[in-house]
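Please put together the full structure from these sequences, using the hints given.
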Amino acid sequence: MTSPVNWTILGLVIERPSYGLELANRFQRVYADVLPLSGDSHVYSALNMLEAREMIEIVSRTKVDRQPKPHYRATPVGISSYEDWLVEQIDAQNRSQELWVRQLAIFAHDPRLALQLLDRYEHRFLKDAGAAGYLPAGSGLDSREELIDGLVAEQRRVAVGGMLSWLRYARARFEALAGSGDGDEPART
Amino acid sequence: MSLLELDRVASCRGSGVALENVSLTIDPGEMIVVWGERRSGRSTLLRIAAGIEPPDEGTVRFGGRDLADRGSEILGDEIGYCRRGFRPERGLTVLDQLISSQFARKVPQATALTRACLALERVGAAWCSQLPARDLKTEETVVVAIARALTAEPRLLVVDEPTIGVDPLKRDDILKLLRSLADDGVAILASAGEGTAMLGADRVLSLGKGTLRGELSPDLAPVTELERHRQARG
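Here the protein sequences come in this chain order: A and B. Sequential numbering from 1 applies to the first sequence in my numbering. Sequential numbering from 1 applies to the second sequence in my numbering.
FYI, nobody ran anything at the bench for these hints, they're computed from the structure. Just to be clear, a hint being listed does not mean it is correct.
In the DSSO-like style, the derived pairs of lysine-lysine whose C-alpha atoms are separated by at most 30 Å in a straight line are [what the hints assert, rightly or not]: (1) A/Lys127 x B/Lys209; (2) B/Lys170 x B/Lys137; (3) A/Lys127 x B/Lys176; (4) B/Lys137 x B/Lys176; (5) B/Lys170 x A/Lys127.
Chain B side only, calculated, beta carbon under 8 Å to chain A, not exhaustive [claimed, not checked]: (6) Gly195; (7) Arg213; (8) Gly214.
Some but not every residue of chain A turned toward chain B, in silico, with C-beta under 8 Å [unchecked claim]: (9) Leu126; (10) Ala129; (11) Gly161; (12) Leu164.
C-beta: ideal position from N, C-alpha, C; glycine also.
Here it is, written out as C-alpha cells:
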C-alpha cells in the first residue's frame with residue numbers, strides 16, 4: 001500500500017474508531033494543509049482497501065436513512081503496519097533531501113553559479129523563517145491539538161536551523177572549489 | 001529614518017574578520033533575529049549595534065546620530081543590552097538588582113523602585129522579585145535580565161542568544177515576550193545559534209564569515225504583528 005492518504009486514514013482510525021463521514025471530516029480538519037483529499041469517496045475506497053488487508057474491521061453497522069453506516073476500528077495488524085510505515089518515512093524524507101542536493105550539485109562545474117544559487121535559496125529561506133513554527137497564543141501541552149501544534153512547530157524550527165547550517169557548509173565547499181579552479185567541465189549537448 | 005542603522009560596518013578579530021561590510025537598518029517595533037554559528041560574529045554584531053564596542057570601519061547611527069559621537073551615554077538608556085549576569089554587590093534579591101542597576105544612570109531611588117516593579121510586571125516575573133537572584137533558573141534569569149534592561153524604557157533592546165540553555169518548554173515564552181515587546185513598539189535585535197530561537201521574528205538574517213544575509217532593510221519585510229501571525233496560520 002503506497003498511498004499516503006490510505007495510511008493517513010488508517011492512522012485516524014487507530015486514533016479513534018469512526019464512521020466514514022466522520023473520518024473524511026477529521027481528515028480535512030487535521031491534514032487539509034499538507035495532504036489533499038480528492039473527495040469523500042477516496043475515504044471510502046481507502047476503508048475498503050484497509051478492511052480487505054485486515055488492517056481495520058467493522059465493529060458495528062447502524063442504519064441512517066436506510067443506508068448502512070459501518071463503524072471501523074483498527075486491528076493489531078493495522079496498528080503494527082502503521083508503526084512500520086511511520087518509521088520507514090525517514091527513508092522517504094532522506095531521499096527527497098538527497099534529490100534536491102544532487103540537483104543542486106549539477107553546478108559543480110560552475111561553483112560561482114552554485115554560490116549565487118545558494119544565496120538566492122538562503123534569501124528565500126530566511127524570508128519565512130520567523131514565521132516558521134509559529135505557535136498561537138495560549139498554546140500549552142494540555143490538549144491533543146496543542147500537542148500536535150507544538151510538535152509540528154518544533155520540527156519546522158529545528159529544520160530551519162539545520163538548513164542554515166547546511167547552507168554554510170555548502171557555501172564553504174563551493175567557495176573552496178571556486179578558489180581551486182577545479183570545477184568540472186560543463187556537460188556538452 | 002530608521003531607528004538603528006549600521007552602514008558598511010567592519011570589525012576585525014586578531015588576524016580574522018568578524019564583520020565585513022555589514023549594513024542593516026531596524027525600525028521601531030521590528031524584531032530581528034541574527035542566526036549564526038559559533039564564532040560567526042553574531043555577538044560582535046550585537047555589541048556594535050548596542051554601542052558597547054565601536055566598529056573598525058563604518059558607522060552606526062541611532063535615531064540618526066552617530067553612536068561614535070554619543071559615547072556610552074546612550075547605552076542603558078535608549079538602547080537596552082541584556083546581560084544575564086548579576087553583580088553580587090548590587091544586592092541579593094531580584095528587585096535589589098533591578099533597582100541598583102539604575103543608580104548608574106542617576107535614577108532616584110523611588111523612581112527606580114517603581115520602574116523595577118513595572119518592568120518585572122511587564123515580563124511576568126513580579127512573583128520572583130524577592131527571590132535571591134542567584135537562585136533563578138536559566139529561563140527566569142533571561143526574563144529578569146530583559147526586565148532589568150526595560151527599566152530604562154529603551155527604544156531598542158539587544159539580546160544575545162535569549163534562549164540558549166533554556167528549557168525547551170519555556171523557550172517560547174521568552175520569544176513571545178520579545179515579540180510582544182516589539183508589538184509595543186520596542187525594536188528587538190537578538191542573536192540565535194539554533195533555528196528554534198527565530199520564532200516571531202519579522203526578519204531573520206544569517207551571519208557567516210562576516211557576511212550578513214537576508215532582508216537587510218525593513219522595506220521588503222513589513223512588520224508582522226503577533227495577531228497577523230496567528231491569522232496567517234489559521
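Tested hints:
no.	hint	in the structure
1	A/Lys127 x B/Lys209	holds (20 Å)
2	B/Lys170 x B/Lys137	holds (11 Å)
3	A/Lys127 x B/Lys176	holds (19 Å)
4	B/Lys137 x B/Lys176	holds (18 Å)
5	B/Lys170 x A/Lys127	holds (25 Å)
6	Gly195	holds (3 Å)
7	Arg213	holds (6 Å)
8	Gly214	holds (4 Å)
9	Leu126	holds (4 Å)
10	Ala129	holds (4 Å)
11	Gly161	holds (3 Å)
12	Leu164	holds (6 Å)
The structure is consistent with each of the numbered hints, conforming to all of them.
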